[in-house]
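Listed in order, the protein sequences are those of chains A, B and C.
Sequential numbering from 1 applies to the first sequence in our numbering.
Sequential numbering from 1001 applies to the second sequence in our numbering.
Sequential numbering from 2001 applies to the third sequence in our numbering.
A couple of the hints might just be wrong.
[As the list claims (entries may be wrong)] With a cut-off of at most 20 Å between alpha-carbon atoms, the simulated SDA-like pairs for lysine to any residue come out as follows:
hint, chain 1, residue 1, chain 2, residue 2
1, B, K1099, C, E2059
2, C, K2194, C, V2424
3, A, K394, A, K135
4, A, K135, A, G119
5, B, K1079, C, E2059
6, C, K2155, B, M1086
7, A, K543, C, G2177
8, C, K2194, B, T1046
9, C, K2108, C, V2004
Because the hints were derived from the structure by calculation, they are not lab data.
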Amino acid sequence: MRIGVALIHGFFAPVGMRFFLRQIIYNRGVVKVIYDAAIIGAGVVGALTARELSRYDIRICVLEAASDAATGSSKANSGIVHAGYDAMPGTLKALLNVRGNGLFGEVTKELGVPFKRIGSLVLAFSEEGMETVRKLYSRGLDNGVPDMKILNSGDEVLKMEPNISAKVVGALHAPSAGITNPYELTYAGLENAVANGTELITGARVIGISYDGYGGHDVNSGHDECGDCGVYHGNHGYIGAGGYDGAGGVFTINTARGPIWSRFVINAAGIYSDKLSEMIGDDHFSIRPRKGEYLLLDKEQGHQVHSVIFQTPAALGKGILVTPTADGNLLIGPSAGDIEDREDLSTTASGMENVTDGALKSVPGINLRQVVTSFAGLRTVPSTGDFIIGPSMKNRRFINAAGIDSPGLTSAPAIALYIRDILKVEGLELVPKKFFDPVRKPIARFSDATDEEREALIRDNHLYGNVVCRCELVTEAEIVEAIRRPAGAKSVDAVKRRTRSGMGRCQGGFCTPRIAEIISRECGIPMQEVRKNEGGSILLTGKTKGVQ
Amino acid sequence: MSERENKMLTCIICPLGCSISVTMEDGTIAETKGFGCKRGKNYAETECIAPMRVITSTVRVVNGPVPLISVKTDKPVPKALVMECMKEINRIEAHSPVKIGDILLVNVLGTGADIVATCNA
Amino acid sequence: MREVELAIIGGGPGGLAAAIEAYRNGVRKIVLLERDRSLGGILKQCVHSGFGLQLFGEELTGPEYAERFTKQVMELGIDIKLETMVIGITSDKLVSAVNSAEGLISFKARALILAMGCRERPRGALNIPGTRPAGIYTAGTAQRFVNMEGYMPGKKVVILGSGDIGLIMARRMTLEGAEVKMVCELMPYSGGLKRNIMQCLEDFGIPLRLSHTVVEIHGRERLEGVTVAEVDKSGRPVPGTNEYVECDTLLLSVGLIPENELSKMASIELDPATSGPFVDEACQTSAEGIFACGNVVYVHDLVDYVTQEGYLAGKSAAEYLSRKAGDGPEGGLGAESGAESRAESGAGSGAVSGAESGAGLGEKIPEVLKIHAGYGVRCIIPQFVRRSCKNDVSLFFRVAGNYRDVVLEARAGGRAVCSVRKKVVSPGEMESIRLKSEIIRSINSEVLEIGIRTLGDKEAKETKGEI
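Looking at chain A on its own, in the form it has when it is part of the complex:
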């Protein structure tokens, strides 16, 4: 209890969370919080890592630059849980993909997130393609992918998926592949982490990081002791570094919302993870954004295929896939184009043409008139060719979880465990909490409920009787809950991602004014301040009648 600096940070201790925080109170009654771990980036990796760490008796915060979680790569990707035959054996990708895939069932069950193990097919349209299929098969065997099978004739493939092009000559079938909802998994992981004591601080873009290696921050007896300096006991071969510099070193993370102090930093900053790493002087890798454009089709097209349909891979990725989504739509994409701008989420005519051409090659009967929307996401392609996960050589308390491109979503649950183990090795003492609750209940969806359940929902909360989004049958109760939950929604898009409101065929034409009204009411802000998503994305510019 000897810290000199005295600051107030009311914002990172929401009511109800204080119970979990051991704050240090100084002689003048002023509080400064030093976290044990600050996770930077509320994408799926940050969220699941936070959730994993919230099992232990440590103080954690998640810093997010945007106003909501899952606004980067976790928002716009294929939502595929890959089997794991793509990555070269021996890479972190190979290891964590297969492990992550194995963890997905339990994680999604605990977190109440949709996950369907529908299997995947890699289609071959030529003997050359079949060679690739065989190569992938053997790679899959090396990586430990279970139950794969090579389908040696087009008929076998068509028996499984009758809508596939008759030109198919064979395929690789991997039953362990599946589909999930990537942003729902992110929200669920965060909600669960927050429920277990983690703090989420949004709007906290990191501006700079400094490190006081001397420390003197005797924050917590026990935690500052050197941890187990032994060898990391995973089978991948990461070797713990042993002694770290200084017993009580603390990072000062300067954010758009003020400084945050933490003993460890986990860099889960996605597309900006190289920039974050540079802040501590580590520039051994760089990230290149690779844009992927997608088209989402109406649920009427959702039954075109029943499994994830790939083509034999291309140089820049896994090629154009066709898949049902966890919500029952059909998703086709992604295109793949390396770009410079890390904020460029625009779709292009050529990208969309590339997607439709590729998708029609696999499934010629897709009705492109039923496209509901198009979008683009950025993959965070690392210069090293593999995930960059581990302590930085510049400061071993700065743990990178960087360059997480595909199969990042699949790997995320395994990455979380991997980071936990690294933290242990680097000296963070992890004592399991007594009252960790692994279960997060999803928002009860009216559209998925039976009549009896619907009646019960309305009886308990009459707002379940107000259908706001007619296309997806989303009620006011669900929207209100999406706003009020921990790590809750503050914008129309944030509500949409949590409830599906506005995601249907009318694309919010009917419900947007109503959702804006509900946000205005629940958040206590005027309609003119309701946003579509970030800062400047206001929906309305003023009132009519010349009133500004």
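Put chains B and C on the given structure of chain A with help from the hints.
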């Protein structure tokens, strides 16, 4: 020397959309050509001499079940005064209850037209 | 489960008219289900005038037009459920709905009228490349914000699509102080009424760019501008014609789609040409006892026509109910004939024997006459006509392009049975042909084709190439 001016209009009276040419001389109509019917001729000539428009808009309501009610001018007003009339309309505050046909502003800008409610609130 | 004679889904102009006419024809146990807070449907936000010329001979605003019918429905004491969303219907006319006061409610109806209207095509359906900022609305959503809630969606506006809602919103936004920069229309002609082009655009000096579209959207958070380009005959952007237009709002008026999610639930057959249900001359769909009227069937030009169709649906439902009741006012029709679904009614009743005798060769012609779209016609309503129908039948159809000096013809077995000469036809305005009941009875082919015939190549000028 008299001033002649030729105006071309597309008739809006029926789907035929006749192209009507109106020649004005010193502010009066000298000749009208191209119309297909009498109504068309009448329309074109009125458009050239004194175009008139009905304005429809909304007015704020105080204490009502809705924030706005719809209104209109009960007869056409000169086209040139439309934006000026809007300024007047924007100043009006109606008090609930309002019924269809209630006059909210008499003789807007001296045009002889009243602003009347077109819905109940 | 509540039992009613007639359930009507949708309290817009179609549903209101249907309720009134069904009541007038003796139906008493009616329930009218409406999802909004008040009756009137989309008319409530259409504060402009131009409604009711056909029906009342005067120009009403949308809310005034709605009020005339709302008032009648209230006076008749028809059971109205507001803020009630119908979430399912079945082909045996079970209706499930939900509201916050009563929770889940279900009705067993003996007849059902679908009057759900239509919805707007959103941006996603157009696949415009670019970013996804705030500030892109369908014209109708913007109309609701401006006219009902009192908010401005933006200050500098580009409108894509020159449908009537887009044109009306160009004027509305201008009157409320916004700057409408242009209206872009993909086609070489506007789908909107001439009067709206004159009074909503030309009055305010707003340019209408025909054969132009938006090819890219700019701005990350709020819309900052759009790129517009000229398009060729096939609708593809012409290279080198790109023009950046600064704006914070893009309104889309790019088409309306009948709202048939519920119809699909009841396995009602839909016409790909209209996106609405196939209907017969009595507004009956492929499901017995389920009728449809208004924009859920096809998108009408004028609300007056929706009202008329609503009346017809209400009357037809009443007749259907009394036939089913058996002891009701039966009239000349056999007890069974009306109830037959049109797809399979081969035999018919005594009342139609005259038509059948004309078939010759012992071949039976089906009771139902199919109406097909011929040359230059895009879609027709109704798609089926029962030969036994007692009244004249009006066939409404949309042509596929702009033509001058044409004959609209109904042809059966290669010969014209009815024709109308027109100086001008365009896709923006519905055309119609009225078939006398005796003509219908005299037709002995299975199909009646509606087409247009141009009057000789020399005089007939096609103003649009694509058919």
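Each hint tested on the structure:
1. This hinted pair checks out: K1099(B) and E2059(C) have alpha carbons roughly 18 Å apart, not beyond 20 Å.
2. For the hint pairing K2194(C) with V2424(C), the CA-to-CA distance comes to about 13 Å; that is within 20 Å, so the pair holds.
3. Using a Cα cut-off of 20 Å, the hinted pair K394(A) and K135(A) is violated, with the two alpha carbons roughly 39 Å apart.
4. The hinted pair formed by K135(A) and G119(A) meets the criterion: a straight-line CA distance of about 19 Å does not exceed 20 Å.
5. This hinted pair checks out: K1079(B) and E2059(C) have alpha carbons roughly 18 Å apart, not beyond 20 Å.
6. Of the pairs offered as hints, the one joining K2155(C) and M1086(B) holds, with about 17 Å between alpha carbons and a cut-off of 20 Å not exceeded.
7. Pair hint K543(A) plus G2177(C) holds up; C-alpha atoms about 11 Å apart against a cutoff of 20 Å.
8. Our distance criterion of 20 Å between C-alpha atoms is met by K2194(C) and T1046(B), whose separation comes to about 17 Å.
9. This hinted pair checks out: K2108(C) and V2004(C) have alpha carbons roughly 6 Å apart, not beyond 20 Å.
The structure does not agree with numbered hint 3 stated previously, though it agrees with all others.
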